[in-house]
Amino acid sequence: MISRYVKAALCSAVLLSCPVQAADYVIDTKGGHASIDFRFKHLGISWITGEFKTFEGTFTYDASNLAGASVSVKIDPASIDTNLAERDKHLRGDKRLNVAKYPESRFTSTRVVPGPDGQFSIEGNLTLHGTTRPVVILAKTVGEGDDPWGSYRAGFEGTATINSEDFGFKLPPSNLVEMYLYLEGIRQ
Amino acid sequence: MMLNSDSSYGLIAIVLHWLMAVAIIGLFVLGLWMVDLDYYHPWYVSAPDIHRGIGVLVFLMLLLRLLMRILNPPPGPVPGIKAWERRTSVLVHWLMYGLMLVVPVAGYLITTADGRSVDVFGWFQVPATLTGIQHQEDVAGELHYLLAITLVALASLHTLAALKHHFLNRDATLRRMLGFSRSRAE
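These protein sequence lines map, in sequence, to chains A and B.
First residue of the first sequence: 26, per the working numbering; consecutive thereafter.
First residue of the second sequence: 660, per the working numbering; consecutive thereafter.
These are computed hints drawn from the structure, not numbers from a lab.
From the three backbone atoms N, C-alpha and C, an ideal C-beta is built for every residue, glycine too.
Any given hint might turn out to be false.
Per label pair, the in silico range of CB-to-CB distance [said to hold, decoys possible]:
#1 B:V764 to A:G193: 32 to 42 Å
#2 B:L662 to A:S71: 26 to 36 Å
#3 A:P128 to B:H752: 12 to 22 Å
#4 B:Y699 to A:D119: 48 to 58 Å
#5 B:V764 to A:P141: 50 to 60 Å
#6 A:P128 to B:I740: 27 to 37 Å
#7 B:Y756 to A:P128: 36 to 46 Å
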């Protein structure tokens, strides 16, 4: 029995026109049904919230085989939006994300581990600020089913906490950023 | 006294010239200093507030100055100025006017990129107009920086030329902008 992973690897390795698998999804950024939100502490007093507005990605998912799931997302870090243009300019600048030098960010899962109560951990590598570090996303399925327009959709939510210093930039006082992911995909 | 004559500057032109000279040099130094401040520096919030406020006031002074220039033209060149010097000075003056116009506009487009207005010391606010252009605050920021450097470079050339007229040519070019209407030793 050949696993989904091996099949996918073979398909991409030989670059043949493999038939699209029933459980391959494209994240619906076009329809605005996905968001990558975050928050980090302001002075330890309150939170600054924001999002990355531009990203794209795909995932593989089958409810009966969670361990075979995978996800890959490409993010434009210059699309950061914290609802204050001057702060966004600063966050894109060379003291923080330095988007001129590191114009692309990416998350690629390496392993999905099913957990209790329908939750699962998505282990993977996040590239941010030109630095790649392992990150674990705690996720769960929100729902899946036919949409009214002839497609099949599945949606997930997830959280992850990253330390900006691991990626080579400071975000005082704590350097901790909580990520909140809401990803809905359309089955291909 | 208040207005320019054929050979001398009036008080309005002199005050506007020196007030703007001091303010623009101050804005340049303040601007370079404030963008490198640590987030926890006591001036992190107030320095940009002051920069924005003075910037708007200098822009308004410029509009007044251009209006005055039309209504009450400046005196002609002092005697003995060569044609190329005259041409160059006219070119540099108008380049500086142009830059004094666009540098604050670029700065305004940074602050107002998301629709916020520019606050001038709590006296009044300049509302946003152009907003939401792709990466507006970044492009405007780059322009604000590069054009400000160009303006200060031209102002340095302008200063050197004034000093040259004063110390080498020993003519009235600088003195009449300081308010001494009569030329010396003639």
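Verification of the hints:
1. B:V764 to A:G193: 32 to 42 Å: Check passed, 36 Å falls within 32 to 42 Å.
2. B:L662 to A:S71: 26 to 36 Å: Violated - the Cβ-Cβ distance for L662 (chain B) and S71 (chain A), about 56 Å, lies outside 26 to 36 Å.
3. A:P128 to B:H752: 12 to 22 Å: Violated, since P128 (chain A) and H752 (chain B) (Cβ atoms, about 41 Å apart) do not stay within the stated range.
4. B:Y699 to A:D119: 48 to 58 Å: violated (19 Å)
5. B:V764 to A:P141: 50 to 60 Å: holds (59 Å)
6. A:P128 to B:I740: 27 to 37 Å: violated (52 Å)
7. B:Y756 to A:P128: 36 to 46 Å: holds (37 Å)
Going down the numbered hints, you'll see the structure goes against 2, 3, 4, 6, while the others check out.
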